[in-house]
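**Q** Here are the chains, one letter per residue:
There are 2 protein chains.
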Amino acid sequence: MSAKVRLYVEHPLGQGQSVPLERDQAHYLFGVMRLAVGARVALFNGQDGEWQAEVAEAGKRGGVLVCVDQSRPLQMPPDLWLLFAPIKKARTDFIVEKAAEMGAARIVPVQTEFTNSDRIRQDRLQAHAVEAAEQCGGTYVPEVTELTKLGRLLDAWPAGRQLMFCDEAEVGSALQLAQTERGLPWAILIGPEGGFSDRERTRLAALPSSHVVSLGPRILRADTAAVAAMTIWQKALGDWG
Amino acid sequence: MSAKVRLYVEHPLGQGQSVPLERDQAHYLFGVMRLAVGARVALFNGQDGEWQAEVAEAGKRGGVLVCVDQSRPLQMPPDLWLLFAPIKKARTDFIVEKAAEMGAARIVPVQTEFTNSDRIRQDRLQAHAVEAAEQCGGTYVPEVTELTKLGRLLDAWPAGRQLMFCDEAEVGSALQLAQTERGLPWAILIGPEGGFSDRERTRLAALPSSHVVSLGPRILRADTAAVAAMTIWQKALGDWG
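From first to last, the protein sequence lines are chains H and A.
Sequence positions in the first sequence follow the UniProt record's numbering and run 1 to 241.
Sequence positions in the second sequence follow the UniProt record's numbering and run 1 to 241.
No wet-lab data here; the hints were simulated from the structure.
Careful, some of the hints might be misleading.
Which copy is meant is left open, because identical chains are indistinguishable; a pair holds if it fits in one copy or across any two.
[Claimed, not checked] Here are the computed lysine to aspartate or glutamate pairs in the DMTMM-like style, where the Cα-Cα straight-line distance is at most 20 Å:
#	residue 1	residue 2
1	K89	E10
2	K4	D167
3	K88	D48
4	K88	E113
All chains should be modelled from the sequences, with the hints used to inform the complete structure.
**A** So, in structure tokens, the structure goes:
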């Protein structure tokens with residue numbers, strides 16, 4: 001029988017491997033979920049796939065799990081970054097959660113000219129990405145980077161990384177993603193709710209690897225746009241086959 | 001200059017038409033947004049397109065707007081219903097908001113065998129749909145229906161309405177939406193977080209107009225799945241051209 005509880009751990013996983021639990025993990029498994037010695041838990045660490053593990057020791061402040069067998073191999077997401085301008089707290093959390101579910105490899109909060117927030121809680125956002133990976137059955141957790149200025153990011157833009165750039169001002173333009181080469185590294189940039197500045201728009205359009213796409217005739221909120229853009233990309237070029 | 005504030009009203013709109021405001025609308029326009037006589041507001045009522053209107057009278061408990069000219073014609077969404085099983089309050093609100101932004105014509109909360117909730121606040125969900133339409137620039141507000149049992153809905157399923165049915169158990173199946181006829185009425189059904197029962201799954205698969213689709217290799221939360229499924233549909237058959 002496969003475990004109902006999935007847990008991300010920062011520990012190597014392998015046949016017979018013992019995995020010590022941290023205090024909050026022990027509280028969750030034994031206090032909240034009421035698991036006892038012998039119960040099954042699914043573990044992943046972003047590197048060794050998913051393992052079925054058995055509770056060997058259960059305590060209030062800790063415990064030990066022992067890996068029994070691998071239930072799924074590591075499945076890396078496609079090399080897709082999601083860039084977005086942080087907005088109100090709840091929606092920023094949602095964007096990170098959605099990006100992890102939708103299979104982003106890396107989540108990059110960017111500061112644009114019309115972005116209000118000048119700081120993020122990177123650790124809290126990373127925890128949301130971990131939780132989303134636990135929920136969605138993924139074996140990989142995308143890294144959430146520090147808040148970076150869009151201009152600085154474009155100055156050092158990696159050669160060859162394609163950029164899909166979703167602009168409200170571009171309502172109606174066609175999307176020809178499927179005709180681009182498969183297997184290239186990509187990034188999707190979701191604009192801030194106030195839109196891009198003219199300078200940013202010019203700069204983005206001038207980038208040789210940029211692809212402007214439309215997300216339909218209605219204006220989407222940033223969190224909706226993130227899911228819609230990633231759906232289009234995953235269908236055309238990603239792992240949604 | 002085009003108005004920044006968009007307001008849904010239940011009143012006919014047309015050249016020179018006076019539109020009396022309700023108390024909470026007056027509070028929003030004059031108390032919160034601090035608009036004065038002469039200011040511009042964009043109005044829509046789901047039938048007459050979008051109109052630029054001018055504040056003619058502004059009071060604490062009411063006011064009058066006068067329509068000046070039509071800024072956009074009515075744009076009906078495609079004939080697409082979104083059916084979903086209500087989940088936790090915040091995520092149910094999100095699904096309704098997303099469905100309105102993504103261009104559903106009708107939003108139908110359904111009760112499945114594994115749905116926990118047996119009631120919804122239909123009026124509150126309808127208000128979310130109105131707010132989403134105000135935000136996204138739409139000229140149409142989808143109706144949110146009462147909670148309906150899935151079985152009863154399928155018993156009376158309209159002949160010819162196609163059903164796109166998103167099932168976690170169907171990971172890997174291909175999507176051939178684009179080959180179906182355009183212009184047909186459609187519905188998208190998002191399963192409950194606990195999945196469909198075997199009986200429901202059999203019944204859905206047996207429906208002559210049903211199309212099972214996969215939303216990639218990760219398990220999506222219901223609100224993410226709603227946006228992803230509507231994106232796929234809008235791109236293939238809807239108004240995203």
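**Q** Would you mind marking each hint as holding or not holding in the structure?
**A** Results of checking the hints against the structure:
1. In this assembly of identical chains, the alpha carbons of K89 and E10 never lie at most 20 Å apart, being 27 Å within a copy and 33 Å across copies at closest.
2. For the homomeric pair K4 and D167, the shortest alpha-carbon distance between copies (19 Å) is at most 20 Å, but the shortest distance inside one copy (41 Å) is not.
3. Within a single copy, K88 and D48 get their C-alpha atoms no closer than 35 Å, and across copies no closer than 33 Å, so neither meets the 20 Å cut-off.
4. Proximity of K88 and E113 under a CA criterion of 20 Å is satisfied intra-copy only: 16 Å inside one chain copy versus 36 Å between copies.
Checked against the numbered hints given earlier, this structure breaks hints 1 and 3; the rest are met.
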